[in-house]
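Next come the chains, spelled out residue by residue.
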Amino acid sequence: MKLANKYLPAILLFLAFLVGAFFRFYKLGETPTGLYVDEASLGYNAYSIYKTGLDEYGKSFPVMFRSFSTFQSPVYSYLLVPLIHFLDLSIFSVRLLSALFGVLSIPLLYLLAQKLYPAPRTNNHEPITNNFALISSLLLALSPWHINYSRTAYETNVALFFLLLGSFFLLNALKKPWLFLLSALSFVISMMAYRAEIIIVPILVLVFAIRYSGTLLTNSKRYLLPIFASLALAMVLFLPTIQIMGTSGFQARSSTLNIFASSGPHPWGYQEGTGLLHDLINNPQILAAREFISLYSSYLSPRYLFSLGDSGPRLPYPGMGTFFVWQFPLYLIGLYFLIKDKYLKDFKYFVFTLLLISPVPAALTRDPYSTLRSLPLVIPQILIISFGLVKLREILPPLSSKLKLSLVALLLIYSSVRMFISIFYLNDYFNSKFWNYGWEMVVEDIKKLDPKLPIMVDSSRGDSYILMMFFLKYDPVLYQQENFEVPVADYYTSLTRSDTKKLGNITVKSIVWGPDTDEVEQYLVADYLAMSEVQIRDHNLTIIKEISFPDGKVALRILKTNPKTR
Amino acid sequence: MKNLLFWTSTILIFIFWPFLYVLSNRSDSIIFILAALVLLVDRFLYLRKYQYHYFTYLVLPLLHPAYLFFPIVAILFYWSDIKKMSLVIYAVFLIFSSFFSWQSFYAYSIFTPDPLAFDTLNKKISLVPNRNLARLYHNKTDIFQDKFKANIFTSLDPNNYFFALHPREIFENQNLHKFPFLAIILFLIGLYLLIKSTDRRWIVSTLLAGIFSIAMINNQDKFDLILYLPISLICLVGLKKIFTLPPVYYLFFSFLFLPLSVMELARIILK
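First to last, the sequence lines map onto chains A and B.
Following the numbering used here, the numbering of the first sequence begins with 1 at its first residue and continues without gaps.
Following the numbering used here, the numbering of the second sequence begins with 1 at its first residue and continues without gaps.
Calculated directly from the structure, the hints in this document are not laboratory data.
All C-beta atoms in this analysis are idealised placements derived from N, C-alpha and C, irrespective of residue type, glycine included.
There's no promise every hint is true.
Said to hold, decoys possible - Within a straight-line C-alpha distance of at most 25 angstroms, the following computed PhoX-like cross-link-like pairs (lysine-lysine) qualify:
#1 LYS123/B - LYS433/A
#2 LYS452/A - LYS509/A
#3 LYS340/A - LYS115/A
#4 LYS27/A - LYS196/B
#5 LYS553/A - LYS123/B
#6 LYS391/A - LYS196/B
#7 LYS345/A - LYS196/B
#8 LYS342/A - LYS196/B
What the hints assert, rightly or not - What the simulated footprint calls covered on chain B by chain A, stretch by stretch (three residues with Cβ under 8 angstroms from a Cβ of chain A suffice, anywhere in the stretch; the number is not a length):
#9 105 to 113
#10 162 to 173
As the list claims (entries may be wrong) - Here are the simulated distance ranges between beta carbons:
#11 LEU188/B - ILE242/A: 36 to 46 angstroms
#12 VAL88/B - GLY552/A: 53 to 63 angstroms
#13 THR542/A - ASN130/B: 52 to 62 angstroms
#14 LYS83/B - PRO329/A: 27 to 37 angstroms
#15 PRO329/A - LEU245/B: 25 to 35 angstroms
#16 ILE543/A - GLN103/B: 52 to 62 angstroms
#17 TRP79/B - LEU396/A: 18 to 28 angstroms
#18 GLY552/A - GLN174/B: 33 to 43 angstroms
#19 ARG537/A - PHE148/B: 41 to 51 angstroms
#20 THR542/A - GLU172/B: 54 to 64 angstroms
#21 LYS342/A - ASN130/B: 44 to 54 angstroms
#22 ASN130/B - ILE543/A: 35 to 45 angstroms
So that you can see chain B by itself, here it is in the shape it has in the complex (with noise of 0.2 angstroms):
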């Protein structure tokens, strides 16, 4: 009972998101759900304790050019076990492969020219009596930077996968229900967690390198599809923790969230 109570809910929260993914984009969804899979393949490779599992990150700026910053953000998490000629070796096809993919990026990223949003800058500018203040606080960093952060707490929001960034969805968005909603129980478990797991150096590396990278791509919708695995397990790590907890615990669990997420499941697909 134990068991099946806990795979039943372990299916429903590794299902939801590619589930949704593919019925919500049917043609051009493949290159995203490749992106996931690099990671899973990366995953089992670290699982299995093979050293240069990393270099599989590089696979990730020839599938989309716009998961440039990827492999760059993921190495400073294995700075200290990386040996000098793997750096290099890592370093000359990043460089070989940004040759190619670097105007692309270039066109996804939020570096490409925004005319309304430097219109307002000018204003903001013009406003302020002193210009040399107003320079100092209002320059053209600014349209990045607001960008760049709005991407940051984006992909931070709880919201944004187990609410479909309700209240606040973003208009030109898919705003895909990511996770059943009371996973966000199992979630903030996990992440509480995270601290103690032995999984925390690869789950802690792939999200933070996937929400860096996706913060620099213009609109993130389907990029983030890349932070579907970290954050599934760190779900996992909270599913795990419930399940070790006296049976009155887990089975209460269990009694709300596997009909309510079948429910909301049923919701989506009727949709």
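So here's chain A without its partners, still in its complex pose (with noise of 0.2 angstroms):
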């Protein structure tokens, strides 16, 4: 019996980080059905990297992606190259970076969660099983929002997990000051994975040096050299990123979604009219800080967290929300007994800091509840239920402790099968349109299409070129020779971008009706709304084939032009 309870932990850890990688692994490579053009901007970059040292315009090794001008960060597709070495360039491997550690932050907010909510002991001192870790570790294993991420190649996830990285080490620094330097390590890789933690990383840092003032001050003649190496390493790894940051292209994405830019649409509450009243309740720094706040009281909000979701397409699994809805009332329970707790004072500065920080980011930014921007307010989240969850048993009438682990275990099946069904069997039905289904059978199907006649491929909707591009697993170098962009000293600093794109006889450009469709022979690929059954029938074009989404409705068509009969 005893040696069950020693191994207890372990197997309930292991079990957690089974049914973890359950939800994150399977038909990785075909749920979401699809592959968004951000995710494959970041494997075509990663596989352009690959074969000739160069991202897709040209760049040696940025420390940017120019992507769309949008500038991605680069940790993601630096970590993807192995992954294509092996396992070339595919959905599955594109996603399997962001799945795996998705994986490894479940036994590393175990071990952070131990950390933080140290076991309490017996009586004789022994120590008492940690449900808390594990507790936390098994939801964040089933935790809707962190498994949307984690099936899904965005960078926000990896970045999370070094970040959680760091914050471990960071902790365990004050007994061991040399995990400084991992410490700094993981967060810069942070910081350079995912943008967001730009802002969080600092501060969740400063939060911890005034927190532990005291110790760090005394023992000063321990700690000094191991801080000052780690903030030497911190500066060399980051002074790329520093040096790109006063670039336009490094300031493209915010100053456009800042609500606090001047440039841009007006705040919300803004009202056209003229005279000095208007002036006064139009003043701009005001109303941005009032979006501000909405924005951000958005985050902590109930009904965003438990009803509503992301208000992406792509996002929020059908039915589901950032959480499930029984965790509600342990949120509300775990959030009173932390505030009201004197003794964890570790664990509080640890939670409310990444609370109340996480949100920063997103809420700078003009859209509603972003679940992508805002993932590292997942973990506080789920520490918060987790602890919830631990004083609800203690506050409950004296159950029997097999009967409280009954329903709780009760409760996480039926929502586990839920969520199963909500990814696996309805997700694909209803969002696959916000997926970009269907281009990879394009691709296949162009194969088969007479190679003497150009085809055209429509990009009025979104850039489909690098989709085409990743499917067709189209020769870097190719590319680099047949496009130019922006010369390689403006890579950074220019905004401009091409409207066509060449792949061969391929070229990626929005149809022009009448040039495109009636006076050359070829073949034209689009989505349902460029070329309606109206617009095939008058311009006399020929409909080689259709790709329909899973509930049956045209999503891609590929045509044939006929000049000569028109």
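Assemble the dimeric complex from its two separately framed chains, guided by the hints.
Next up, the structure:
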């Protein structure tokens, strides 16, 4: 019995790890069906670096990838290179990295939670099983929010892993000061993996320094050298990013999305009008501050957490919020007892710091409740829910512990099956149109077309060229020779974009009605909105192939023009 | 000075929602204002320690059938105090009024048929290969559950009261600015201190009864005015706390709160 108790935490942690791995790896390359352009860009640029050492624009090992002039953080693409070497370029290999870091975050959260919330001890000073750390890792394994980003290629998931790793090393560095070095390394990787962390990490480190200033100052001789070495390492590693921070490329995304930016749309609440009163009520700083508070508040509001979820079309699984509804009372209980608690100071500092700073980068942008930009928030919220569950167990009437455990297990199994249905049966049916469904099939089909005729792919509704390149595994050397967007010297400063991309006999551009549809004999590839039945009839186009969404509606069409018969 | 700042802030908190409500709903606002006034009368009786104050809740379903659940939920909070005879009379009145209001309540409620939601549900069921599993997880109760859940969380959303539901406004709602946005600070302080407040029983009971009763309604817009008094009182708890702190705190708060609230009021009036 004692032996079973001894190994029970390890068994349960392994179980959490297995469940988490199942939800992250199962059908990874198949669902979400299709590939979002950002994922394709991360994957193709990694492929290009692997093959040539240059990105799609011919820049050697860039500090940030130009992508669609949005400048993607580089870590994800660089980490993909070895995976592409072994697995080749595919939807599976591109998403595998995110899934791997998602799964590794589960035991990492266990270790972090153990550090923050040490196992209570019996009267004989024997440690009692640390339920809290186990519950936290199990809830992360089953978190719809975390699973969502683990099953898709987004940099934010990798950044979160390194944020957790950095925090873990930081907390342990008080005992082993040289761990400051590993902490600095992890934090810098985190900041280079996703931009939101550039705001979160420094504040987290600052709060840590304030919290432990007494310990650090009294033992300054012990800590001084490791801290300076860590700061120096961080500076050296982050210097290339700092160097480009002033460029228009780096700032392009933030200046269009930032609610405090002077350019772009008016802040929420702006009213047209002239005169002193209008000037007063339309004060941009006040309106932007009000909008910021409203957005910030939404990240902590139960409506968004437990009901609405993300506002983006690709992100929430059908019928699911960011957390399960039954976790709402646990969240309230956890929050209440955590505020009241007087002993778990390290835990409180960590949870509240991360809880309060994680929404800041996301709330600075106009998008409502972006779970992508606020992903680090999943950690403090899961820790609070877990704390709520532990406290509820304590305050509940004296039911047998087996009964309590069975109730929790039943709830988790029920939620897991619900999530399984949503991810693997419903999501592709309801959301496939937001995942660029069908381009992989288009690429297979155009290989069978007459090679003498040119192919024109419509790009009026997105960067379809990257999907073509991804699925064709188009030779990066050829692409770099055939296309020019900016000189390498202007890579980070010029935001100009080329409207037309050449991939051999394939041209990717916005189709022009008349010249492209009536005058040249060629194949056209376009989505259902660009080429309706009426337009096909009016321009005498022949349908070669129609690719349908899982719900049966037309997603993409391959057509042939007939200029002679017209 | 302190009193002036306190009372001006209090007036701004209490005037915002009803004032903007009347501005936006000139013709059909009276019923909902009367419902909020019923709670005001109840509060007056409660403060006077009138034993049977909860009988005022029975007026609400008579004002609008959609409030049918309010007296049912609210009475649960007074269960320990209530005498058997009072409960019987209360129940008889409630059953009697429900005879007249049930049909109208049903028309307003989340239980009204929703063909679009029903189609989506059928689609979900058809997508799951195992029919029994599909029916366990996706059945007719889903439609009501989803609407109930959405309503409850809309009522629990601070942005509903302080930011006109921004950033996720509800298309068919008025999305009223119910309180000056900086009052969210007072609300959060008030919420935290509520557990120690002597007022907590009345505030919590009316707040929860209000939230649960309007969660049963398809579109709770306008009906949510019934939450006006409990939420304003929570803000007042927070305001009182700030004015018990050293002057620098309440002066700083008033310096921000008063001009920004007046500006917000002006913005809405000019709209």
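Structure-based check of all given hints:
Restraint check: the Cα-Cα separation between LYS123/B and LYS433/A comes to about 17 angstroms, which is no more than 25 angstroms; the hinted pair holds. Distance restraint check for LYS452/A and LYS509/A: the Cα-Cα separation of roughly 20 angstroms lies within the 25 angstroms cut-off, and the hinted pair is therefore satisfied. Between LYS340/A and LYS115/A the CA atoms are separated by roughly 20 angstroms; this keeps the pair inside 25 angstroms, and the hint holds. Using a Cα cut-off of 25 angstroms, the hinted pair LYS27/A and LYS196/B is violated, with the two alpha carbons roughly 52 angstroms apart.
Taken as a hint, the LYS553/A and LYS123/B pair is honoured in the structure, with Cα atoms around 15 angstroms apart against an allowance of 25 angstroms. Straight-line distance between C-alpha atoms of LYS391/A and LYS196/B comes to about 21 angstroms, which keeps the hinted pair within the 25 angstroms bound. Note on LYS345/A and LYS196/B: the hinted pairing holds, with a Cα-Cα distance of about 24 angstroms set against a maximum of 25 angstroms. Distance restraint check for LYS342/A and LYS196/B: the Cα-Cα separation of roughly 18 angstroms lies within the 25 angstroms cut-off, and the hinted pair is therefore satisfied.
Counting residues of the segment 105 to 113 of chain B whose C-beta sits closer than 8 angstroms to any C-beta of chain A gives 0, which falls short of three, so the coverage hint is violated. Taking a C-beta to C-beta cut-off of 8 angstroms, the segment 162 to 173 of chain B contributes 5 residues in contact with chain A, enough for the three needed, and the coverage statement holds. Roughly 37 angstroms separates the CB atoms of LEU188/B and ILE242/A, a value that falls within the hinted 36 to 46 angstroms. Checking the proposed 53 to 63 angstroms range against VAL88/B and GLY552/A shows it holds: the Cβ atoms sit about 60 angstroms from each other.
Restraint check, THR542/A to ASN130/B: a C-beta distance of roughly 43 angstroms breaks the suggested window 52 to 62 angstroms. For the pair LYS83/B and PRO329/A, the beta carbons lie near 32 angstroms from each other, so the given range of 27 to 37 angstroms is met. For the pair PRO329/A and LEU245/B, the beta carbons lie near 32 angstroms from each other, so the given range of 25 to 35 angstroms is met. Checking the proposed 52 to 62 angstroms range against ILE543/A and GLN103/B shows it holds: the Cβ atoms sit about 54 angstroms from each other.
Distance hint check: the CB atoms of TRP79/B and LEU396/A are about 21 angstroms apart, consistent with the given range 18 to 28 angstroms. Our hint of 33 to 43 angstroms for GLY552/A and GLN174/B holds, since their Cβ atoms are close to 39 angstroms apart. The hint said 41 to 51 angstroms for the Cβ distance between ARG537/A and PHE148/B, and at roughly 48 angstroms that hint holds. Judged by the Cβ atoms, the range 54 to 64 angstroms given for THR542/A and GLU172/B is violated: they are separated by roughly 45 angstroms.
Judged by the Cβ atoms, the range 44 to 54 angstroms given for LYS342/A and ASN130/B holds: they are separated by roughly 50 angstroms. Against the hinted window of 35 to 45 angstroms, the Cβ-Cβ separation of ASN130/B and ILE543/A comes to about 37 angstroms, which satisfies the hint.
Of the numbered hints given earlier, the model fails hints 4, 9, 13 and 20; all others are met.
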